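Construct all of the structure, not just a fragment, from the sequences and the given hints.
Residue numbers (our numbering), protein chains in the order written: chain A, 1 to 332; chain B, 1 to 335; chain C, 1 to 334.
Check each hint, because a few of them may be wrong.
Label pairs and their computed distance ranges (CB to CB) [as the list claims (entries may be wrong)]:
1) Gly36/A / Ala145/B: 53 to 59 Å
2) Leu52/C / Glu202/B: 40 to 46 Å
3) Gly136/C / Ala145/B: 23 to 29 Å
Which chain B residues face chain C? A few, computed with CB under 10 Å, are given here [stated by the list, open to error]:
4) Leu105
5) Pro118
6) Leu294
Among the chain B residues that face chain A by a calculated CB cut under 8 Å, a handful are [said to hold, decoys possible]:
7) Ser127
8) Glu129
9) Ser188
10) Ala191
11) Leu194
12) Val198
13) Leu200
14) His213
15) Val217
16) Ala253
17) Ala257
18) Thr258
19) Leu272
No lab work stands behind these hints: they were computed from the structure.
What you are looking at is a predicted structure, and each value in this text was computed from that prediction instead of being measured.
Cβ atoms here follow ideal geometry from the backbone N, Cα and C, with glycine treated the same way.
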Amino acid sequence: MADTPLLSIRNLSVSFATSRGPFRAVDGVDLDVSSGELVAIVGESGSGKSVAMLAVMGLLPWTATVTADRLAFDGHDMLALSPRERRRIIGRDLAMIFQEPMSSLNPCFTVGFQIGEALKTHLGLDRAERRVRSIELLREVGIPEPERRLKAFPHQLSGGMSQRVMIAMALACRPKLIIADEPTTALDVTIQAQILDLLVRLQRDNGVGLVLITHDMGVVAETAQRVCVHYAGQQVEMQETAGLFRDPHHPYTAALLAALPERASGRILPSIPGVVPGLADRPKGCLFSPRCRFATERCRTVPPPRSGPELGLALCHTPLVGGVPQRRTQAA
Amino acid sequence: MTAPVMEAVELTQTYEVARGFLSAPASVKAVSGISFRLAPRATLAVVGESGSGKSTLARMLTMIEPPGSGALFINGADVAEADAATRRRYRGEVQMVFQNPYGSLNPRQTIGAAIEEPLLVNTSLSSAERRRQALEMMTRVGLRAEHHARYPHMFSGGQRQRIAIARALVLRPKILVLDEPVSALDVSVRAQVLNLLVELQESLDVAYVFVSHDLGVVRHMADDVMVMYLGRAVERGPRDAIFDAPKHPYTRALMSATPIADPGARRERIVLEGELPSPFNPPSGCPFNPRCPLVMERCRAEMPPLERKGGRLVACWAAQDTPGPTPMQRQPAFA
Amino acid sequence: MAERLIDNATTPTLADERVNAADAVDPSGAVLPLEEIAASSVEAVPAERSALAGFWAAFRENRGAVAGLMVVLAIAILAVIAPLVAPHAPTEQFRDFVQTPPVWSEGGSWRFPLGTDAVGRDILSRLIYGARISLGIGVSVMLVSVAVGIVLGLASAFLRGLADTVIMRVMDVITAIPSLVLAILVVAVLGPSLVNTIVAVTVVYLPRYVRIVRAAALAELSKEYVVAARVAGVGTLRLMFVTVLPNCLAPLIVQAALGVSDAILEAAALGFLGLGAQPPTPEWGAMLADSREFIRAAPWIVTLPGLAILITVVAINLMGDGLRDALDPKLRRS
Ligand SMILES: Nc1ncnc2c1ncn2[C@@H]1O[C@H](COP(=O)(O)OP(=O)(O)OP(=O)(O)O)[C@@H](O)[C@H]1O
Ligand SMILES: Nc1ncnc2c1ncn2[C@@H]1O[C@H](COP(=O)(O)OP(=O)(O)OP(=O)(O)O)[C@@H](O)[C@H]1O
Ligand SMILES: [Mg+2]
Ligand SMILES: [Mg+2]
Numbered sequence: 001m002a003d004t005p006l007l008s009i010r011n012l013s014v015s016f017a018t019s020r021g022p023f024r025a026v027d028g029v030d031l032d033v034s035s036g037e038l039v040a041i042v043g044e045s046g047s048g049k050s051v052a053m054l055a056v057m058g059l060l061p062w063t064a065t066v067t068a069d070r071l072a073f074d075g076h077d078m079l080a081l082s083p084r085e086r087r088r089i090i091g092r093d094l095a096m097i098f099q100e101p102m103s104s105l106n107p108c109f110t111v112g113f114q115i116g117e118a119l120k121t122h123l124g125l126d127r128a129e130r131r132v133r134s135i136e137l138l139r140e141v142g143i144p145e146p147e148r149r150l151k152a153f154p155h156q157l158s159g160g161m162s163q164r165v166m167i168a169m170a171l172a173c174r175p176k177l178i179i180a181d182e183p184t185t186a187l188d189v190t191i192q193a194q195i196l197d198l199l200v201r202l203q204r205d206n207g208v209g210l211v212l213i214t215h216d217m218g219v220v221a222e223t224a225q226r227v228c229v230h231y232a233g234q235q236v237e238m239q240e241t242a243g244l245f246r247d248p249h250h251p252y253t254a255a256l257l258a259a260l261p262e263r264a265s266g267r268i269l270p271s272i273p274g275v276v277p278g279l280a281d282r283p284k285g286c287l288f289s290p291r292c293r294f295a296t297e298r299c300r301t302v303p304p305p306r307s308g309p310e311l312g313l314a315l316c317h318t319p320l321v322g323g324v325p326q327r328r329t330q331a332a
Numbered sequence: 001m002t003a004p005v006m007e008a009v010e011l012t013q014t015y016e017v018a019r020g021f022l023s024a025p026a027s028v029k030a031v032s033g034i035s036f037r038l039a040p041r042a043t044l045a046v047v048g049e050s051g052s053g054k055s056t057l058a059r060m061l062t063m064i065e066p067p068g069s070g071a072l073f074i075n076g077a078d079v080a081e082a083d084a085a086t087r088r089r090y091r092g093e094v095q096m097v098f099q100n101p102y103g104s105l106n107p108r109q110t111i112g113a114a115i116e117e118p119l120l121v122n123t124s125l126s127s128a129e130r131r132r133q134a135l136e137m138m139t140r141v142g143l144r145a146e147h148h149a150r151y152p153h154m155f156s157g158g159q160r161q162r163i164a165i166a167r168a169l170v171l172r173p174k175i176l177v178l179d180e181p182v183s184a185l186d187v188s189v190r191a192q193v194l195n196l197l198v199e200l201q202e203s204l205d206v207a208y209v210f211v212s213h214d215l216g217v218v219r220h221m222a223d224d225v226m227v228m229y230l231g232r233a234v235e236r237g238p239r240d241a242i243f244d245a246p247k248h249p250y251t252r253a254l255m256s257a258t259p260i261a262d263p264g265a266r267r268e269r270i271v272l273e274g275e276l277p278s279p280f281n282p283p284s285g286c287p288f289n290p291r292c293p294l295v296m297e298r299c300r301a302e303m304p305p306l307e308r309k310g311g312r313l314v315a316c317w318a319a320q321d322t323p324g325p326t327p328m329q330r331q332p333a334f335a
Numbered sequence: 001m002a003e004r005l006i007d008n009a010t011t012p013t014l015a016d017e018r019v020n021a022a023d024a025v026d027p028s029g030a031v032l033p034l035e036e037i038a039a040s041s042v043e044a045v046p047a048e049r050s051a052l053a054g055f056w057a058a059f060r061e062n063r064g065a066v067a068g069l070m071v072v073l074a075i076a077i078l079a080v081i082a083p084l085v086a087p088h089a090p091t092e093q094f095r096d097f098v099q100t101p102p103v104w105s106e107g108g109s110w111r112f113p114l115g116t117d118a119v120g121r122d123i124l125s126r127l128i129y130g131a132r133i134s135l136g137i138g139v140s141v142m143l144v145s146v147a148v149g150i151v152l153g154l155a156s157a158f159l160r161g162l163a164d165t166v167i168m169r170v171m172d173v174i175t176a177i178p179s180l181v182l183a184i185l186v187v188a189v190l191g192p193s194l195v196n197t198i199v200a201v202t203v204v205y206l207p208r209y210v211r212i213v214r215a216a217a218l219a220e221l222s223k224e225y226v227v228a229a230r231v232a233g234v235g236t237l238r239l240m241f242v243t244v245l246p247n248c249l250a251p252l253i254v255q256a257a258l259g260v261s262d263a264i265l266e267a268a269a270l271g272f273l274g275l276g277a278q279p280p281t282p283e284w285g286a287m288l289a290d291s292r293e294f295i296r297a298a299p300w301i302v303t304l305p306g307l308a309i310l311i312t313v314v315a316i317n318l319m320g321d322g323l324r325d326a327l328d329p330k331l332r333r334s
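So this is what it looks like as structure tokens:
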């Protein structure tokens, strides 16, 4: 990429202090997002997708230790920022949308008040300007009768409406980057389609960068330009969407795609045996090795290297090409 | 055609919901006029959005709630009208697996006790025999004998769902009602549980009523599909007929809204306006008319009956008796 | 979330491999725990704590609670072995040693370490025997009201309708009357005695247990595992006591622990009013009452039973608070 990316992450790791010792929830994640780009992060529950993005936002609890070689947003080093400066950026240039729309809105205040609050703190608009802008925002996210909805309390809205309000709040200060953490998981498919339409339109028309966290491969296929696959806290593969679905390079990605019922041919799905390793059974070598069809002795004992971009940056000793593991000829 | 193991005739359930202190309670028709026949070893999938009455139907089928009206036959016997003793006898024939694997197991009960409990309360087997049968069922669903004395919190979501399945099958029911059994599971674990369900259906001869909102999963599992909207069946028929040529505009919208894990797929996307109407005052006429792209004058006035059109039953005035356009002719989704 | 961390069980395919591995390693055929089998290829972490160990670790963090527990244990042990440790019988009157002060003040002697009361009874002995009675009242009130509270609370939660209304309205009436007045009323009807004190205090403290059990049971009833048990054919009685009750116990245990101290106080108050234990029973509240005219002349006779009550109640409350923090997962650190 020629221009500097909006968000640039290198080797981000997060570990939590637990009663049984440190737990690495995110382990060496790299990510670049440019303006007007939609990057999806997929992975199973507990693979550290949310924690990685919360680390970018600086929203993790004190038990978390965040380390990174680089964590830059729009030219600011997020790790070196004072809390005050970070608060100024977060919410204005960098916004986040959460999974549970119902619990992300404060039930005690009206929708209008909550949108207005963001406008007041970050943009310093006065009352009348705030009202005009709020109505404009609600109309933009497709809420009918925005004037009336301003007075509504969150419990008077359905899930889809609340999620639209969340998006309107995220958009309030025209952010450069939006991180959407499973924005449609709690919604029905027909509502999900509306919300995804809205997000994609915003990203395309307004040139915002969008990081979409999800575990639904269908959503990824239909929206994203680039996909990061997370497994047990590690980023195991990153590719353009079309390439990832056509020719996955990491065995986990391949197995994940094969396990989708809509891609299966027979009655029995090619499932991945076993479960994601937890704190107690974290393998020494490749974290996926206990469940991998292609695992060798080396995979079980030696942590895998990262492949080049032509192999989807796959974190694997023997990345797949066309479903066949490639033995490395020379040490990279 | 073999005799159905389960037959539902015009099942209806209405709830009274208290609205404040002084106002009269409102009534919600959670399910109205659902009929179907379920053949032995077959799978009927029930799909629909949140609030369409899928769980309410599941509760009636498992006899947790008596239906408000309508009849339910299990192995030919009417259980809706039956007394408590008869219902008890048929209890072992219909069992259920729930959506949330974290909430459907008693946290203070060991796995072994949970699986043995149906045997304890429904049969007079000795404790050794109960244990033997529980262990056998655990092996079948892929749990190990030493899991017997562990508590649910020591298991992952997929394993808990296996435990729930073992518990439901230990009485050897003829029918298993699965209320969103894989919605809470990750893709890789979901495949394991679906495979288990397929295997068990073959080896234990159970029929499934499979409630889900995931069309990919439904297409994989179902023989017959019933699409529900606001408590009513809007389309019901063989899986291939429905997936290849959906007739009801709601079914079509549902299918086009379901994301497909294939970036090259091109298809027409019908983005529905609005959301599910409030069940307290459903629209007059066809319940789908406020969101329907094909809405006509007649739809606002008259409720369309469930009629046979093009190899399935469909409740729509606009549906034609000819094969419709297939939604699989795809166009760019969000390009 | 924590569940994922402690998840060490695996699904069949993987598990089977591991079982085979275990068979190969261990000729006796015993299946080793997963952690040991997998140890070679897996990073080491400390083993998961059992529920009890986890509870104790959380409880131990609260110093006050541990101190409270020690004091309560000490008093309970004293009460149990009273005849062995008390220097004298609690009702024996030493006519020559009336109102002897404690050892540390002038005129005291080691024969009566805490002095004697107005009729020459050894105060230390009476306090030790009194612990039996006070703790006994506290514990028995707690046991009876918890048992009755469980039955009424569960009945009210499960039967709903009329039974629920009747039970809860009666509880409302009981709470509406000031507790001491109600206790006096009950004792007045039944006549003053130790047993009737227990009955009276039980009635006074019943509503809180009924409410706690009912609220917890209603919360549990809305969970899916209860429906699952119903589908499995579990009858109402089994559902009440086997399925739901164990899941309602945590808040009940905390309340029960705190209830002991309240019952001790209430019984002492009744004793003080002359409506509880009758002389010469060495009950702390009654001891306080008997000696209140000597508060100037011989202050220790009044102060010591008062201190005993205070120490016991504070210790039990500290322990109860710690119990609540340790049993409530929301208040626990991961
Ligand atoms: N505050 C915390 N303390 C300890 N561990 C934590 C904490 N927050 C998260 N974790 C752990 O970090 C891991 C990653 O969590 P994260 O929420 O990022 O997963 P995720 O990929 O977003 O999953 P999901 O799809 O369920 O949202 C999990 O194993 C989780 O248990
Ligand atoms: N016990 C009840 N009392 C009152 N209304 C109820 C009750 N149970 C369900 N309903 C109502 O009946 C309708 C159908 O609910 P149901 O739970 O069957 O939907 P569902 O299709 O299972 O939805 P989901 O996908 O969210 O589980 C809803 O409008 C719901 O509010
Ligand atoms: Mg998350
Ligand atoms: Mg449901």
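Consistency of the hints with the structure:
1. Roughly 57 Å separates the CB atoms of Gly36/A and Ala145/B, a value that falls within the hinted 53 to 59 Å.
2. For the pair Leu52/C and Glu202/B, the supplied restraint of 40 to 46 Å holds, since their beta-carbon distance comes to about 43 Å.
3. Between Gly136/C and Ala145/B the Cβ separation comes to about 47 Å, which falls outside the hinted range of 23 to 29 Å.
4. At its closest, the beta carbon of Leu105/B sits 6 Å from a beta carbon of chain C; the interface hint therefore holds under the 10 Å criterion.
5. For Pro118/B, the suggested interface contact is upheld, since its CB lies about 4 Å from the closest CB of chain C, less than 10 Å.
6. Because the closest C-beta pair between Leu294/B and chain C is about 39 Å apart, greater than 10 Å, the hint is violated.
7. The beta carbon of Ser127/B comes no nearer than 32 Å to any beta carbon in chain A, farther than 8 Å, and the hint placing it at the interface is violated.
8. This hint is violated: Glu129/B has a C-beta 32 Å from the nearest C-beta of chain A, more than the 8 Å allowed.
9. Proximity of Ser188/B to chain A holds as hinted, the smallest CB-CB distance being about 4 Å (cut-off 8 Å).
10. Annotation: Ala191/B was flagged as interfacial toward chain A, and the flag holds, the nearest CB pair being 4 Å apart, inside 8 Å.
11. Because the closest C-beta pair between Leu194/B and chain A is about 6 Å apart, less than 8 Å, the hint holds.
12. Proximity of Val198/B to chain A holds as hinted, the smallest CB-CB distance being about 5 Å (cut-off 8 Å).
13. With a least beta-carbon distance of about 12 Å to chain A, the hint placing Leu200/B at the interface is violated under the 8 Å criterion.
14. Proximity of His213/B to chain A holds as hinted, the smallest CB-CB distance being about 7 Å (cut-off 8 Å).
15. The criterion of a C-beta within 8 Å of any C-beta in chain A is met by Val217/B, whose closest approach is roughly 5 Å, and the hint holds.
16. At a threshold of 8 Å, the smallest CB-CB gap from Ala253/B to chain A is about 6 Å, leaving the interface hint in force.
17. Interface hint status for Ala257/B: upheld, as the beta-carbon distance to the closest one in chain A is roughly 4 Å, under 8 Å.
18. Look at Thr258/B: its Cβ gets to within about 5 Å of chain A, closer than 8 Å, so that hint holds up.
19. At its closest, the beta carbon of Leu272/B sits 5 Å from a beta carbon of chain A; the interface hint therefore holds under the 8 Å criterion.
Taken one by one, the earlier hints fail for this structure at numbers 3, 6, 7, 8, 13, listed in ascending order.
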